[in-house]
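Residue strings, one per chain:
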Amino acid sequence: MLGKNIQNLIRDMRVSDYFFILVVLANVLLVIYLGIGNYQNAAKVAASQNNAEEIMIWFEALAGKLDANEPIEPAACTPIDEDTKLVKGVKANHWKNCVEALFAAKGPFESYVNLLNPTGPAYTAKCNKTNLLNSGSLIFEKLTANPAGPPGVSPLEPGERLVSGLQIRLSLCDTGFYLIRIGEFKL
Amino acid sequence: MNLQPISFSRMNLHIRKRMFDLFFNHQIQTNYCNQFERFVTYMILLNLAGLILEHIPVVYETREHLFHIFDVVSLIIFSIEYVLRVYVAPEDPAFSSAKYPRLAYCKSPFALIDLASILPFYLGAFFDADLRVLRALRLLKLCRPLVPAVNEFLELNKDKSYRYKIYALVNETPTSGNLHHIFDMFIVTWVIVSVLAVIFESVQSISYHLHSEFIILDTIAVVIFSTEYIMRIYSAPEDPKYQAWFKGRVSFACKPTSIIDFMAIVPFYLESLLHHLFDLRFLRVFRLMRLLKLARYSGATQSLFTVIKREWPVMKAAVFILLLLVMLAACLGYVFEHEAQPDKFENIPQAIYWSVITLASVGYGDISPITPAGRAVTIVIALLGIGIFAIPAAILSSALSDQLRIERERMMNELYHMLEDGVISADEQELIEAEAKRLHLSKGELTRLLEKAKVEMGIEHAAVKDANGASSEMSLEFLSKHPELAAEQLKITISKLQQIVSVSDRQELSRYIDNPSNVTGLQSSMLKILLQNAAAKGEKKD
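Sequence order for the protein chains is A and B.
Each number in the numbering used here comes from the position in the first sequence (counting from 1) with 2 added on.
Each number in the numbering used here comes from the position in the second sequence (counting from 1) with 43 added on.
It should be emphasised that the hints constitute simulated quantities derived from the structure, not laboratory data.
Any given hint could turn out to be false.
[To be verified] 25 Å max Cα-Cα, derived DSS-like pairs, lysine-lysine:
#, chain 1, residue 1, chain 2, residue 2
1, B, 150, A, 6
2, B, 203, B, 290
3, A, 144, A, 67
4, A, 93, A, 188
5, A, 188, A, 144
6, A, 6, B, 203
7, A, 6, B, 201
8, A, 6, A, 128
[To be verified] Away from chain A, derived, C-beta distances all over 10 Å, residues of chain B:
#, residue
9, 70
10, 79
11, 120
12, 146
13, 215
14, 297
15, 408
16, 434
Here the structure is a predicted model, which means the values were calculated and not measured.
Every residue, glycine too, gets a C-beta built ideally from N, C-alpha and C.
All chains, please: the whole structure from these sequences, using the hints.
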């Protein structure tokens, strides 16, 4: 009965009805095509999140290595103690050197690429919507303790001295230039 | 000796009939057939949700045992359903004429689907293979309510054009049938699902793990809503108000509900196509506009819009007074406070913000007066604000209750009109129930209104219903006004008399009526006719 009814339905169709079906199908195909594009981006974001988590794990292990007096590779990422920073003649590492060493050739994350924008930077100071290449980049931010409320967040400047206890937040710059928070760690 | 097997067989037949009537007989209105089917449908949807969630590691890995318990419970329910359907198959008119009704049922497409939905689990006990994915076959069970609805819809719209069929599917028409309700339910479900997805997507801890799943959900929602939108636009000329093929469609597209439909899908296209050119983050929030699509399915929003439209002149006057007060308070605040607090009362627009917050009794406290004159003004405007801000709210609430009263009166008038012939037909009953649902009337309230209408129409005792809801007696006064109903009542009474005579001992009855002290002449003649009739029937049978 259903088959017969459907046969009747198709038999009585006019040109405009076929055009309507064509429009519906075209729209469905377009949405699926755009959806697949969005999904692929989402998959890249998920992969970037996993990569960023590995960076987080590396930084979290840093504190343990320091406690155990193990050598840190790259050495540019070794922070100095709060007390030693006041000692004259002791030079602290700068964030710029550390992050460059991490992502440089032979660094622990040399294979890391910005999956959303392969031509874009692997890391940047700010998720800036005016620079479209920023999406997919890692964002390192400095957290400053605030006794009155949540900690203050500011971009981690290249010249920032690496001192033990420095709190850093790692985020990922999303396709829509939203920050996806990966986690926080202490040097 | 044979008494026990016979009684067992009878009992079995009785139970089977009772089971069929209770859960599977669509002809009976007061049974649990609809509830049972709805329950099974919900179970199918929950199974589908479970199947999807099982493929999300972060959800499944920590709750594996819960999924297993749910799966076992579902299997038990679906197995019971299958066994019950096989058991009552001989009672089903579709299979009762077959030589082996149960076998005929088992070979039917629906039964095969039912079997396919439970078989993978049982097979899993014999084969070492992961057949869980076959549970997706349970989705096919949804065909059970869908196929009859599609058939009914195509039958009702047999002679109608294809465009009208689309129109009848997306809009309530006399030929829409059950398929339209299923379509509405489907859209409402997806609106709720997609809005929940938008809300949960904003929660970082959820979005972090389920970002891809939200993308899939949004894409499916847009496929559904955009198809619905195109269907509505295409079929718009079937509505007499939008008959012109182009102009009509444009006018239809400019309707508030159509704009809402459009706003619900357009962010997806814009964001997907133009995200690399512009910052379109703000468009994501517009996906919440999908919630407004529900307005189409609720009479409450319709009533609210009617009220606002009707009370617009009064509302305008109230808003005008409100604006005057706000401006006056802002100016006074600026005059008295500007010198003392130039950073807070920097200009009149800032003072307007302060006056609105004070008049509305919100009082954030971020801007507050410090001069004595400013404080005095604040006291006055705060007191005035309580009354003035309440005016539009009071107008709206009284107008809304007025609107409800008007709509109920309209329904009462319809009831009077329906009761003009003294009875409410099945179609009329359906219309009343639909209207009661729209007005959010409870069953008790509807019965009360019906009783009231009957009393006012003077037919309160016209039909006395017995415990089973069947009409038994009509008042003489009512029958005197309705000769055709009086004739029907007489016919029923004669049939009842015939039944009584047929089950009685005819010889005893004859002896009884032969005694003139027992019956009058008329009663005796009538009973004799009935006895003769019964005797003639008995001879014929022999």
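Each hint, compared with the structure:
no.	hint	verdict
1	B/150 <-> A/6	holds, 21 Å
2	B/203 <-> B/290	holds, 23 Å
3	A/144 <-> A/67	holds, 22 Å
4	A/93 <-> A/188	holds, 20 Å
5	A/188 <-> A/144	holds, 10 Å
6	A/6 <-> B/203	holds, 16 Å
7	A/6 <-> B/201	holds, 11 Å
8	A/6 <-> A/128	violated, 63 Å
9	70	holds, 19 Å
10	79	holds, 23 Å
11	120	holds, 27 Å
12	146	holds, 22 Å
13	215	holds, 21 Å
14	297	holds, 20 Å
15	408	holds, 18 Å
16	434	holds, 40 Å
Hint check: a violation occurs at hint 8 only; the rest are consistent with the structure.
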